[in-house]
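Engineer: In order, the protein sequence lines correspond to chains A and B. Each residue of the first sequence is one higher than the last, beginning at 1 in this note's numbering. Each residue of the second sequence is one higher than the last, beginning at 1 in this note's numbering.
Just so you know, the hints here were simulated from the structure itself, not pulled from any lab data. A hint or two may mislead.
Think about it this way: if two alpha-carbon atoms lie no more than 30 angstroms apart in a straight line, the pair counts; the simulated DSSO-like pairs of lysine-lysine are [said to hold, decoys possible]: (1) K278/B / K92/A; (2) K38/A / K161/A; (3) K68/B / K5/A; (4) K47/A / K130/B; (5) K5/A / K100/B; (6) K123/A / K215/A; (7) K161/A / K43/A; (8) K43/A / K130/B; (9) K146/B / K68/B; (10) K32/A / K146/B; (11) K5/A / K104/B; (12) K225/A / K281/B; (13) K215/A / K225/A; (14) K32/A / K43/A; (15) K146/B / K92/A; (16) K146/B / K225/A; (17) K32/A / K104/B; (18) K130/B / K146/B; (19) K38/A / K130/B; (20) K215/A / K130/B; (21) K215/A / K92/A.
Derived coverage of chain B by chain A (criterion: at least 3 residues anywhere in the stretch with Cβ under 8 angstroms from a Cβ of chain A; other residues may be distant) [what the hints assert, rightly or not]: (22) 32–41; (23) 204–213; (24) 259–273.
Don't be surprised by glycine CBs; every beta carbon is placed ideally from N, CA and C.
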Amino acid sequence: MALLKRSYLTLVYLFLYIPILVLIVYSFNAAKYATVWKGATLKWYAKLFENEMLMDAMVNSITVAVTSSIVATAIGTLGALAFYRYRFTGRKPLYAMVYTTMMSPDIVMGISLVCLFVILGLKLGFITLLLAHVTFCLPFVIVTVYARISGFDPAVIDAAKDLGAGEFQIFRHIILPMTAPAVAAGWLLSFTLSLDDVIVSFFVTGPEFEILPLKIYSMVRLGVKPEVNALCTLMFIFTLLSVIAAHYLVKEKTK
Amino acid sequence: MNKPGLSHILTFRNTAIALVVTWTLLFIVVPTLMIAVVSVLQRDARTFVTPAFSLESYMALADPVYLKIFGKSFAYAAMTTLLCLLVGFPFAFFLARTRKRWQKPLLLLVIIPFWTSSLIRTYALIIILKANGIINTWLRAAGIIKLPLEILYTDIAVYIGLVYTLLPFMILPLYASLEKLDFRLVEAAFDLGARPVQVFTRIILPLSLPGIMAGAIMVFLPAMGLFYVPDLLGGAKSMLLGNLIKNQFLVAGNWPFGSAVSVFLTMLMLGLMAIYFKTMKRINTSVMEEA
Numbered sequence: 001m002a003l004l005k006r007s008y009l010t011l012v013y014l015f016l017y018i019p020i021l022v023l024i025v026y027s028f029n030a031a032k033y034a035t036v037w038k039g040a041t042l043k044w045y046a047k048l049f050e051n052e053m054l055m056d057a058m059v060n061s062i063t064v065a066v067t068s069s070i071v072a073t074a075i076g077t078l079g080a081l082a083f084y085r086y087r088f089t090g091r092k093p094l095y096a097m098v099y100t101t102m103m104s105p106d107i108v109m110g111i112s113l114v115c116l117f118v119i120l121g122l123k124l125g126f127i128t129l130l131l132a133h134v135t136f137c138l139p140f141v142i143v144t145v146y147a148r149i150s151g152f153d154p155a156v157i158d159a160a161k162d163l164g165a166g167e168f169q170i171f172r173h174i175i176l177p178m179t180a181p182a183v184a185a186g187w188l189l190s191f192t193l194s195l196d197d198v199i200v201s202f203f204v205t206g207p208e209f210e211i212l213p214l215k216i217y218s219m220v221r222l223g224v225k226p227e228v229n230a231l232c233t234l235m236f237i238f239t240l241l242s243v244i245a246a247h248y249l250v251k252e253k254t255k
Numbered sequence: 001m002n003k004p005g006l007s008h009i010l011t012f013r014n015t016a017i018a019l020v021v022t023w024t025l026l027f028i029v030v031p032t033l034m035i036a037v038v039s040v041l042q043r044d045a046r047t048f049v050t051p052a053f054s055l056e057s058y059m060a061l062a063d064p065v066y067l068k069i070f071g072k073s074f075a076y077a078a079m080t081t082l083l084c085l086l087v088g089f090p091f092a093f094f095l096a097r098t099r100k101r102w103q104k105p106l107l108l109l110v111i112i113p114f115w116t117s118s119l120i121r122t123y124a125l126i127i128i129l130k131a132n133g134i135i136n137t138w139l140r141a142a143g144i145i146k147l148p149l150e151i152l153y154t155d156i157a158v159y160i161g162l163v164y165t166l167l168p169f170m171i172l173p174l175y176a177s178l179e180k181l182d183f184r185l186v187e188a189a190f191d192l193g194a195r196p197v198q199v200f201t202r203i204i205l206p207l208s209l210p211g212i213m214a215g216a217i218m219v220f221l222p223a224m225g226l227f228y229v230p231d232l233l234g235g236a237k238s239m240l241l242g243n244l245i246k247n248q249f250l251v252a253g254n255w256p257f258g259s260a261v262s263v264f265l266t267m268l269m270l271g272l273m274a275i276y277f278k279t280m281k282r283i284n285t286s287v288m289e290e291a
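Just chain A, with the same shape it has in the complex (with noise of 0.2 angstroms):
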């Protein structure tokens, strides 16, 4: 049984890791289109810091990914206190209304916003792109932090007004303290669901604002060049020190 267990366990993570060990693999051979192995080069990696085109694609994802994830956590940290704690009209049904949104196939979302905004009338490019990657983000954090939220003591927060705080005070010194670790952990996942979205961005933006997915997208059609193996190795190590430093930083601040 213990033979059994450790070999499935083990067959299931080569099929999660197999395909991405083969992009690192192939980011440093240096035959360009046959499977064999002819010995190891930089060269790819060099040639992709010359390529104009998949350098920019990749700034403009990292750009979105920064920017839309630290709106999110804004919106989404505020939102879900006043999810918890406010009364207002309209409250349950937008709450639901944010949790359906999470579990909806991300198509649905691409069109619907796309409608949305070629009604408004707005260029389809970095605004829109950034509208979209918030609007997604946006119920991952709220859930994610109110999920902390409820989880308080509500005598704490009760004793802090019996003490005078005003509101902006018990969010500053209470509430964002605690749920500190559930906010950073709703940015990175924002911040991995904006690099990593292909389907809402397909729709939402515009061929002067070109993001490393869909260049990749587009390319695969073509015939990929080897320099989106050093890319894709290169983005799959930052992602991966990101969600360990990550797992530290949370670590810590939850001791």
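Keeping the supplied structure of chain A fixed, place chain B upon it in accordance with the hints.
Structural biologist: Quick look at chain B alone, frame taken from chain A:
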């Protein structure tokens, strides 16, 4: 009575509420309603839609050509869900039975691929599956096959791609419910003479039902929308609902029809979620009654 001043309206409380309400209304509620409205308008070649009521798009949904795509898309998504369940269930089960201090790192290992672009990972699959790709090169070098296996641009490749992308979404909810399962119940059943099959169908399966259902929803719905997977791995032959919506919007410029398909997909999602919550409620009450 004094009129409330600006500083009174712009309190922290009101700002927090206003921000989240405005964003949700403007970018989630309004666009959703717009899609519903567009789906009952008439098509216009130049401005996409004309403001005239028409049920044309919904009638077109019953067209045999589209019914076939729906059927196929359903079959793909159902098969993907089943495959994910078959691969994911033993995995989540074993994971939940591993020593506690190993569980967290092992779970993190499942999530890490999900943090990297799924498009990039789909592209990696192409390298592995193509005619002169890794699998074929190795199999030929080993002398097992003479001619390369045709995997890329077939249904098998699409299934591999969908399962590969969506497997973590099945594993996580399954693990969450299996981890909570009290294994003393399993031991008790064995002590009372139950056969392994009985233990599985009578105890493990019912108790992990919430996880199975949550995982199935998390896999089934996106599986119908992931248009880039069949696009890249299946050639143009396979079509998912996602590909249909995408083509109706971008290629054919038929907004009402694309919207109607999207409304259909949303309804399906709401239906599945309703079933999920109903089952959860039934499970909870039956547990309460037994207790």
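Engineer: Next step is simple, just say for each hint if it's right about the structure.
Structural biologist: Status of the hints after comparison with the structure:
1. Between K278/B and K92/A the CA atoms are separated by roughly 19 angstroms; this keeps the pair inside 30 angstroms, and the hint holds.
2. Pair hint K38/A plus K161/A does not hold up; C-alpha atoms about 70 angstroms apart against a cutoff of 30 angstroms.
3. For a cut-off of 30 angstroms, the pair hint linking K68/B to K5/A is broken: about 41 angstroms separates their Cα positions.
4. Distance check on the hinted pair: K47/A and K130/B sit about 25 angstroms apart at the alpha-carbon level, within 30 angstroms; holds.
5. A distance of roughly 15 angstroms separates the Cα atoms of K5/A and K100/B; the hinted pair therefore holds under the 30 angstroms criterion.
6. Of the pairs offered as hints, the one joining K123/A and K215/A holds, with about 19 angstroms between alpha carbons and a cut-off of 30 angstroms not exceeded.
7. Between K161/A and K43/A the CA atoms are separated by roughly 63 angstroms; this puts the pair beyond 30 angstroms, and the hint is violated.
8. Restraint check for K43/A and K130/B: satisfied, since their Cα atoms lie roughly 24 angstroms apart, inside the 30 angstroms limit.
9. For the hint pairing K146/B with K68/B, the CA-to-CA distance comes to about 37 angstroms; that exceeds 30 angstroms, so the pair is violated.
10. Between K32/A and K146/B, the direct Cα distance comes to roughly 24 angstroms. Compliance with the 30 angstroms bound is thereby established for this hinted pair.
11. Restraint check for K5/A and K104/B: the C-alpha separation of about 17 angstroms stays at or below 30 angstroms, so the hint holds.
12. This hinted pair does not check out: K225/A and K281/B have alpha carbons roughly 53 angstroms apart, beyond 30 angstroms.
13. A threshold of 30 angstroms between alpha carbons decides the hint, and for K215/A with K225/A the separation of about 12 angstroms falls inside it, so the pair holds.
14. For the proposed pair K32/A and K43/A, the alpha carbon gap of about 11 angstroms is at most 30 angstroms, so the pair holds.
15. As the CA atoms of K146/B and K92/A are separated by approximately 63 angstroms, the hinted pair breaks the 30 angstroms bound.
16. Of the supplied pair hints, the one linking K146/B and K225/A holds, its CA atoms being roughly 28 angstroms apart against a limit of 30 angstroms.
17. Restraint check: the Cα-Cα separation between K32/A and K104/B comes to about 39 angstroms, which exceeds 30 angstroms; the hinted pair is violated.
18. Taken as a hint, the K130/B and K146/B pair is honoured in the structure, with Cα atoms around 15 angstroms apart against an allowance of 30 angstroms.
19. About 19 angstroms separates the Cα atoms of K38/A and K130/B, which keeps this hinted pair within 30 angstroms; it holds.
20. A threshold of 30 angstroms between alpha carbons decides the hint, and for K215/A with K130/B the separation of about 21 angstroms falls inside it, so the pair holds.
21. About 40 angstroms separates the Cα atoms of K215/A and K92/A, which puts this hinted pair outside 30 angstroms; it is violated.
22. For the stretch 32–41 of chain B, the assignment as covered by chain A holds, since 4 residues bring a beta-carbon within under 8 angstroms of that chain's beta-carbons and 3 suffice.
23. Here the stretch 204–213 of chain B counts 0 residues with a CB under 8 angstroms from a CB of chain A, which misses the bar of 3, and the coverage is violated.
24. Against chain A, the stretch 259–273 of chain B contributes 7 residues with a C-beta closer than 8 angstroms to a partner C-beta. That satisfies the three-residue criterion, and the hint holds.
Of the numbered hints given earlier, the model fails hints 2, 3, 7, 9, 12, 15, 17, 21 and 23; all others are met.
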